[in-house]
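Chains as they are written, first to last, in my numbering: chain A, 1 to 201; chain B, 1 to 201.
Wrong hints could be hidden among the right ones.
Simulated restraints, written as ranges between beta carbons of each label pair [unchecked claim]:
#, chain 1, residue 1, chain 2, residue 2, range
1, A, Ala18, B, Arg26, 16 to 26 Å
2, A, Pro167, B, Arg26, 12 to 22 Å
3, A, Asn126, B, Ala96, 44 to 54 Å
4, B, Pro25, A, Pro8, 28 to 38 Å
5, A, Tyr158, B, Pro25, 31 to 41 Å
6, A, Leu173, B, Gly112, 45 to 55 Å
7, A, Asp184, B, Glu141, 35 to 45 Å
8, B, Tyr185, A, Val150, 24 to 34 Å
If you want the ones that stay clear, here's a sample from chain B, every Cβ over 12 Å from chain A, calculated [stated by the list, open to error]:
#, residue
9, Ser27
10, Ser61
11, Val66
12, Ala82
13, Thr90
14, Arg123
15, Gly138
16, Asp165
17, Thr166
18, Leu183
19, Leu191
20, Gln197
Simulated from the structure, these hints should not be mistaken for laboratory data. Note that the structure is predicted; figures quoted are calculated from it, not measured. The beta carbon of each residue, even a glycine, is placed where N, CA and C say it ideally should be.
Letter by letter, the chains look like this.
2 protein chains.
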Amino acid sequence: MAERIAGPEIERLIQLLARLPGLGPRSARRAALHLIRKREELLAPLADAMHVARERVVVCSSCGNVDTRDPCTLCADERRDATTLIVVETVGDLWALERAGAVRGRYHVLGGVLSPLDGVGPRDLNLARLVERVREGGVAEVILAVNATVDGQTTAHYIVDLLSDTPVRVTRLAHGVPVGGELDYLDEGTLAAALRQRTSL
Amino acid sequence: MAERIAGPEIERLIQLLARLPGLGPRSARRAALHLIRKREELLAPLADAMHVARERVVVCSSCGNVDTRDPCTLCADERRDATTLIVVETVGDLWALERAGAVRGRYHVLGGVLSPLDGVGPRDLNLARLVERVREGGVAEVILAVNATVDGQTTAHYIVDLLSDTPVRVTRLAHGVPVGGELDYLDEGTLAAALRQRTSL
Numbered sequence: 001m002a003e004r005i006a007g008p009e010i011e012r013l014i015q016l017l018a019r020l021p022g023l024g025p026r027s028a029r030r031a032a033l034h035l036i037r038k039r040e041e042l043l044a045p046l047a048d049a050m051h052v053a054r055e056r057v058v059v060c061s062s063c064g065n066v067d068t069r070d071p072c073t074l075c076a077d078e079r080r081d082a083t084t085l086i087v088v089e090t091v092g093d094l095w096a097l098e099r100a101g102a103v104r105g106r107y108h109v110l111g112g113v114l115s116p117l118d119g120v121g122p123r124d125l126n127l128a129r130l131v132e133r134v135r136e137g138g139v140a141e142v143i144l145a146v147n148a149t150v151d152g153q154t155t156a157h158y159i160v161d162l163l164s165d166t167p168v169r170v171t172r173l174a175h176g177v178p179v180g181g182e183l184d185y186l187d188e189g190t191l192a193a194a195l196r197q198r199t200s201l
Numbered sequence: 001m002a003e004r005i006a007g008p009e010i011e012r013l014i015q016l017l018a019r020l021p022g023l024g025p026r027s028a029r030r031a032a033l034h035l036i037r038k039r040e041e042l043l044a045p046l047a048d049a050m051h052v053a054r055e056r057v058v059v060c061s062s063c064g065n066v067d068t069r070d071p072c073t074l075c076a077d078e079r080r081d082a083t084t085l086i087v088v089e090t091v092g093d094l095w096a097l098e099r100a101g102a103v104r105g106r107y108h109v110l111g112g113v114l115s116p117l118d119g120v121g122p123r124d125l126n127l128a129r130l131v132e133r134v135r136e137g138g139v140a141e142v143i144l145a146v147n148a149t150v151d152g153q154t155t156a157h158y159i160v161d162l163l164s165d166t167p168v169r170v171t172r173l174a175h176g177v178p179v180g181g182e183l184d185y186l187d188e189g190t191l192a193a194a195l196r197q198r199t200s201l
């Protein structure tokens, strides 16, 4: 807004909302108005939930997940398979894998990937704890669920080296055609990988 | 999330964020993670801004705008032209007109439009105060900046009737081709209106 049309308090709310991923300046204004209209049903509980998150969310000292308890809900869940350790870049990736619900193992959040260009080295990632967890024993397989990007694959190879003197099996996610995907829209690299790793029917 | 993967506090934050316009379940999760990562820079100030908004935002008793003061910043601004009253449906429309910055008049927010189907009648809108403001004198022109929908136009006609025994001039926004718009994509009604109301070069 070029000129002040409301008190600074409302403009500050809009500016902060606009910094959320997925909201631009226009949708932040719409969100602010929506919040003001739904003061008791949404604005108040959301402010409270943020307050609680600010006070109580911690990073799990074992796996790097975020939760309101340490160890986190997943690490504390005895029913989960402790022999399988799924390594992910971010907590968002962990949540995505949990939604897929294909594995009920434990997780390990790296907090990023190796990226020389961005100045991210091994010390910036949660790698020492990963080696520690593997050496503590009980882990049979480490699944590297990192992104299929150059940095992700570099990180995967680095971890393979790190764990080479341990007896664990290290695997990575399959490459291939996304479920529901159309071949015509896929890049050649994916198609070639899907052909190479074809499975019998 | 099918199963609990984090404490209920984080899931509650995600659920509340997902109720903001423009955010779905997936972007709400992304926003929650972003907030948790930027705890001091974003989560804390946003929670505070929401708290302030909840405590202090009021509806202006004169024009129906929302602000932290009553009368609102716009009504209190003596430099604004009090002879021009711009009638809008919502505060969002008021903000949009202010961004356009074409008129420096006063506003009047109806809080909706007449809509028999949705059970919205004249008593549900901020109409009595509009007539009062016009009768108090000082207003020369009432610009009906309501949406070009059936309900918006019905409301416009209703207001014209309401103010018919006052000396004010009642106008409405022009119909025509949006600036930057392509004729090929416009509906026939808009094109016909743009032709009828063509201007000399």
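Verification of the hints:
no.: 1; hint: A:Ala18 to B:Arg26: 16 to 26 Å; in the structure: 19 Å, holds
no.: 2; hint: A:Pro167 to B:Arg26: 12 to 22 Å; in the structure: 38 Å, violated
no.: 3; hint: A:Asn126 to B:Ala96: 44 to 54 Å; in the structure: 46 Å, holds
no.: 4; hint: B:Pro25 to A:Pro8: 28 to 38 Å; in the structure: 33 Å, holds
no.: 5; hint: A:Tyr158 to B:Pro25: 31 to 41 Å; in the structure: 34 Å, holds
no.: 6; hint: A:Leu173 to B:Gly112: 45 to 55 Å; in the structure: 51 Å, holds
no.: 7; hint: A:Asp184 to B:Glu141: 35 to 45 Å; in the structure: 58 Å, violated
no.: 8; hint: B:Tyr185 to A:Val150: 24 to 34 Å; in the structure: 41 Å, violated
no.: 9; hint: Ser27; in the structure: 4 Å, violated
no.: 10; hint: Ser61; in the structure: 15 Å, holds
no.: 11; hint: Val66; in the structure: 5 Å, violated
no.: 12; hint: Ala82; in the structure: 16 Å, holds
no.: 13; hint: Thr90; in the structure: 8 Å, violated
no.: 14; hint: Arg123; in the structure: 19 Å, holds
no.: 15; hint: Gly138; in the structure: 21 Å, holds
no.: 16; hint: Asp165; in the structure: 32 Å, holds
no.: 17; hint: Thr166; in the structure: 27 Å, holds
no.: 18; hint: Leu183; in the structure: 26 Å, holds
no.: 19; hint: Leu191; in the structure: 27 Å, holds
no.: 20; hint: Gln197; in the structure: 28 Å, holds
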